[in-house]
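With the hints as your guide, set chains B and C onto chain A.
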Amino acid sequence: MRILTTFKQETLKLLKKTRAWLGPILVFVLIMIAYPLTVELSSQNLSDAFYPVLFISCLLVMMLATEGIFLEDFEDGSLEQLVITGNSLYQSIIIKIFIYWLFIGIPISILGSLFNVGSGNTMDSSLMLLPPLMITTYIFLILFCFGNALSLTKGSVLGTLITMPLLLPILVILGKLTTAILFNINYFGFLILLFGILSIIIFIFPAIISKIIKTHLE
Amino acid sequence: MLREIINTVIKKFIHQFASPKTYFLQVKRLYPWVFYISIAIYVVAITWGLLFTPKDFVQGNSYRIIYFHVPASFIAQSLYAAMAFSSAVYLIWKVKLAAYLSRSIAPVGATVTLIALISGSIWGIPTWGTWWEWDARITSTLILFIMYLGLISLHNSFNNFEKADKLFSYLAIIGFIQIPIIKKSVDWWSSLHQPASITISDKPSIDPVMLYPLFLSIIGFSGLVACLVILSSKVQIYKREKNKNWIKDYV
Amino acid sequence: MSNFAFDSFDQIINMDGHGLYVWLVFLIFLISITTSFIVFNSLIKKYKSQIR
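Chains as they are written, first to last, in my numbering: chain A, 0 to 217; chain B, 799 to 1049; chain C, 492 to 543.
Bound-form chain A, shown alone (with noise of 0.2 Å):
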């Protein structure tokens, strides 16, 4: 019942601050249109190099979704009061990461799939595209989440740089995915190990930034 009430109440939150949830989106689409200006126009290159572009943009987006999704909680005290009152700060953490994705994450996976059609690419190579996609940006938001707590009131920069080393590995897995999709082998290897990284991640650092929030707090 608590569990619904976080999610109303998030979802309410997120949703009152537009700058928020469509900001992110619309510099996403911005990125989408600014690429093909900057490509000379022959289809063939713009869909060559569609694929580093969308997956870099996705994970700038996702860094600019994330730059104050505790600071505002944590300056206005909402998140001392969850502490003090015996809230779990693990769940509400983990319920605002999924609402963050929801609303962000999932409509950049799917514009991005769309743009993917748009920059020359086949329609069977979109839908190949969606699920990773959507794992990705999971992982980003997660790990950017971290960061972000880590530097919680120094700002973003501290946290971009804290948490792009950690997530370099994952833009090694997507390169390969990305060759696996052009080349139109076999990826599911590749997708079940995204899921795997984000099943392990997906409880365990909920955990760790809500430890690194009680360290802010004290």
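Hints should not be assumed to be uniformly reliable.
Once the Cα atoms are required to be at most 20 Å apart in a straight line, the calculated PhoX-like pairs of lysine-lysine come out as [said to hold, decoys possible]: (1) Lys-536/C to Lys-1046/B; (2) Lys-809/B to Lys-894/B; (3) Lys-539/C to Lys-1046/B; (4) Lys-892/B to Lys-213/A; (5) Lys-536/C to Lys-826/B; (6) Lys-819/B to Lys-536/C; (7) Lys-175/A to Lys-982/B; (8) Lys-1037/B to Lys-536/C.
Think of the hints as simulated: they come from the structure by calculation, not from any bench.
For chains B and C alone, kept in the frame of chain A given last:
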């Protein structure tokens, strides 16, 4: 029951040996020994390696960079492991000294990683014909370097040292994921970099004549790095405990 | 210990054309290690004088 015993033993140990004061005394006694012995070993290893080993059949004389590169890259990773370990000790048993140690390892680790990167890229010029390649081992070592810098900047951005220590320890432990990735990266990704010269399980892939000075140079260099860590931890202790009474006897 | 690998001093410097790289790495190594020793020692001195 067992857990209680272990905890009391560890607490006793911590009280006796892990206070900054005893650490200072022990270090004062040990430091000159470690310093001079490791310098002697290192000088022997380098002269042996550079002047007395025969030249490599494939790489010619440029392989002699191995006596600088392999110790540096090996110790860059081991230092991270040591840092993560002492961070874990700090978070579990609240040993202050462990926090000082892990903070003081970070700058030394960054230096050693930088040496490994530079020596590796210089070695790349005669053997691969390129000084930089986005291959697995090089990139992951660069990431390790950035990790060290990120850890240092995280610690420096907080004025409250205790908070900074805790956050530093969390990040160091999470970042430990990188170490097995670096270790295995040569086997997993297609790479220019040769597979590791020395592994525990297999027979070493290089000739024993070249191997002995390599071992010596690893031992000597780790001694030198240990000296650097000791100096750096002294800096940390002076910085953090400057208002304590005991420290006035040691200046 | 095996035999001396070079015949003359020139050969030690040159190392069949690879001498530049080897000695460059050696120099970088030497400089970075000694500077880090010097930096840490001077930092210790600085904090010691602060405590006094």
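So, going through the hints one by one against the coordinates:
no.	hint	in the structure
1	Lys-536/C to Lys-1046/B	holds (14 Å)
2	Lys-809/B to Lys-894/B	holds (13 Å)
3	Lys-539/C to Lys-1046/B	holds (9 Å)
4	Lys-892/B to Lys-213/A	holds (16 Å)
5	Lys-536/C to Lys-826/B	holds (15 Å)
6	Lys-819/B to Lys-536/C	holds (18 Å)
7	Lys-175/A to Lys-982/B	holds (17 Å)
8	Lys-1037/B to Lys-536/C	holds (11 Å)
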